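When you line the sequence shown up against UniProt numbering, it's residues 1 to 690, in that order.
Incorrect hints may appear among the rest.
Stated by the list, open to error - What follows is a list of derived Cβ distance ranges for each label pair:
| hint | residue 1 | residue 2 | range |
| --- | --- | --- | --- |
| 1 | T669 | G229 | 25 to 33 angstroms |
| 2 | A443 | D592 | 51 to 59 angstroms |
| 3 | A443 | P467 | 34 to 42 angstroms |
| 4 | L207 | E277 | 24 to 32 angstroms |
These aren't lab readings, by the way, just hints derived from the structure by calculation.
Since this is a predicted model, take the numbers as computed values, not measurements.
Note that CB positions come from ideal geometry on N, CA and C, so glycine has one too.
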Amino acid sequence: MTTTLEQPKVEGAEPPPARRRWEPWALAALLVGTAVAYIWGLGASGWANSFYAAAVQAGSESWKAFFFGSSDAANSITVDKPPMSLWLMSLSVRVFGLSSWAMLVPQALLGVGSVALLYATVKRWFGAPAGLLAGLVLALTPIAVLMFRFNNPDALLVLLMIASVWAMLRAVEDGRTRWMVLTGVFVGLGFLTKQLQVMLVVPPLALTYLVAGPPKFGKRLAQCFAALGAMIVSAGWWLLIVELWPASSRPWIGGSQNNSILELTLGYNGLGRLNGEETGSVMPGGGRGEVAAAMGGAGEAMAGGRFPGGGAPGGGGMWGSTGITRMFESAQGGQIAWLIPAALILLVAGLALRGRAPRVDTQRASFLVWGLWLLVTGLTFSFMAGIFHAYYTVALAPAVAALVAIGSATLWRRRDTLWVRAVLAATLLATAAMSWVLLGRSASFVPWLKWAVVVVGVVAAVAVLVPALTRGRIGAVVTLAALFTGLAGPTAYAVDTIATPHTGSIVSAGPNVEGAHGGPGGMGGPGGMGGAGRTDGAAAPTLPGGALAGATDGAAAGATDGMGGMGAMGGAGGLLSGSEPGAELVALLEQDSGNYTWVAAAIGSNSASGYQLATEDPVMPIGGFNGSDPSPTLEQFQQYVADGKIHYFISGGRGGGMGGDGTASEISTWVQENFTAVTVDGVTLYDLTS
């Protein structure tokens with residue numbers, strides 16, 4: 001991908017070119033276009049991920065729930081992440097009232113901010129054309145389009161990671177300690193957004209500054225420790241308060257087995273993600289085999305090496321195969337892989353062209369930090385054995401976008417050299433080939449586009465090899481052809497993502513993709529085993545007896561006994577999707593709601609979330625997200641019932657670690673043995689006050 005607009009040949013720390021008249025207009029067009037794309041039809045996704053939506057609602061009602069990130073305003077348990085991403089949405093809901101728009105517009109604005117900040121970071125050292133290209137690539141990356149229209153923590157995480165690179169490069173520019181301190185602050189805030197995932201950007205930041213920072217090595221090292229201190233302070237204040245707060249007066253830390261934020265940080269959200277030993281993961285204990293048996297062949301495909309009888313390609317287990325090609329496989333490829341080959345080629349070529357620059361060269365530092373970001377994060381995602389979902393790949397999008405932009409700008413300035421033109425041509429051919437593969441995985445999705453991309457890409461590659469065709473108006477045409485080659489496929493996926501509502505815990509961008517199972521993660525997006533992640537009518541997975549997972553009628557619900565619907569689309573909800581109560585059930589829950597701390601309790605956060613969002617009253621999510629957290633214990637629950645704090649127990653949903661022997665299963669059994677079941681709107685519930 002190239003640009004015809006000339007930029008000065010920068011050697012060392014030469015100042016950037018003066019701003020041209022068209023630059024602010026081009027930037028305005030980019031940002032306005034991004035805002036329109038991210039906000040268009042935003043309300044169609046409803047509560048999006050109801051797991052986080054319920055916490056947003058709770059935080060808008062209770063400042064205590066706001067601070068801790070509680071799933072309910074009565075503060076029984078938190079979500080399994082720090083709360084910073086929830087704070088922005090909760091404040092918006094406090095001001096504008098509970099609605100899909102009030103919750104999701106802040107996420108879209110984070111996307112616009114990410115595009116603007118990436119533009120500014122690239123433009124400062126490579127010029128406006130490169131900055132605009134970086135922003136455009138990020139804005140059109142399919143998984144970025146989805147995450148900036150969704151309520152997962154990833155939107156804020158991306159913005160903060162870009163901000164950390166911006167601050168570090170400013171430190172490379174002038175060597176001031178304040179910029180490194182600010183770098184640490186951004187990383188620390190990223191930790192409060194999604195814990196250890198932000199740490200993947202720390203090695204690129206530290207190594208780049210140690211290599212390229214202007215001061216002597218001793219001072220550079222001291223500045224890195226200052227950044228570390230700032231990171232610890234900006235993240236540690238919240239962790240310290242939570243750890244020191246008496247456990248009896250705060251919510252249970254969701255995702256932990258011992259009510260510890262440190263355990264959550266280092267275990268479930270830490271090393272467990274790398275080695276696959278997450279205590280309290282999706283299918284703990286004996287539940288794995290039961291689900292595999294219940295879902296037959298689909299269960300075995302999901303289970304891989306971790307369900308009895310499973311066997312995923314590459315030995316990756318229930319979260320898909322691991323290995324160097326993971327980012328290019330069906331589940332992830334259409335999300336992020338379009339320009340990864342181009343980014344890698346341009347990284348190597350860009351470093352080669354900056355090889356003789358001074359040590360403090362900011363342009364080479366840019367290649368280093370973005371390249372290390374892509375490599376460290378990409379390799380970690382490729383080989384991690386624990387929980388992995390396709391939407392995690394949004395963390396790669398800024399690095400890919402930046403490398404494509406700065407690499408194209410750098411090589412285009414040197415296009416008089418034969419080998420540089422050959423590299424540009426190879427980049428275009430690799431990009432066209434990647435698009436051919438990714439578009440070919442969706443046979444019915446704009447089938448002509450892959451042919452157009454390949455034809456235009458080959459023509460552009462040939463043209464780049466001819467010096468006379470890279471200048472003047474012909475050069476502008478070649479640039480447009482290069483842009484089409486690189487962005488046609490992602491743009492098509494982005495448009496499909498914008499036009500398709502997405503709901504559930506596991507989502508993916510773009511159309512249905514053949515073979516994109518990828519374990520349970522594959523069930524939650526259009527490329528998976530059904531349509532749990534989108535609401536455009538795609539089929540939900542079926543269970544024995546022909547019942548839909550999470551179906552709302554009584555017969556179908558019975559077929560999911562003990563499972564609750566991996567991708568439940570309504571009724572009592574399930575592991576991956578929130579409940580969708582009918583009007584009669586909502587009216588029943590709201591009756592005398594002021595007399596109870598919780599109007600109801602349900603197994604699992606997603607099952608509880610829909611009832612809470614419909615009533616705007618606290619609903620206790622027994623066992624947290626997976627139903628596997630030991631909160632509350634059977635004794636605590638019995639005391640709550642004795643004290644008249646819980647009105648109803650709602651059956652169904654995610655229970656006892658999907659067939660395990662956890663406290664959720666004990667509570668469910670106790671309720672069934674001691675209270676009378678009634679059915680309302682196809683959902684079974686028990687009046688705990690009778």
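Against the structure, the hints come out as follows:
| no. | hint | in the structure |
| --- | --- | --- |
| 1 | T669 - G229: 25 to 33 angstroms | 51 angstroms, violated |
| 2 | A443 - D592: 51 to 59 angstroms | 55 angstroms, holds |
| 3 | A443 - P467: 34 to 42 angstroms | 40 angstroms, holds |
| 4 | L207 - E277: 24 to 32 angstroms | 29 angstroms, holds |
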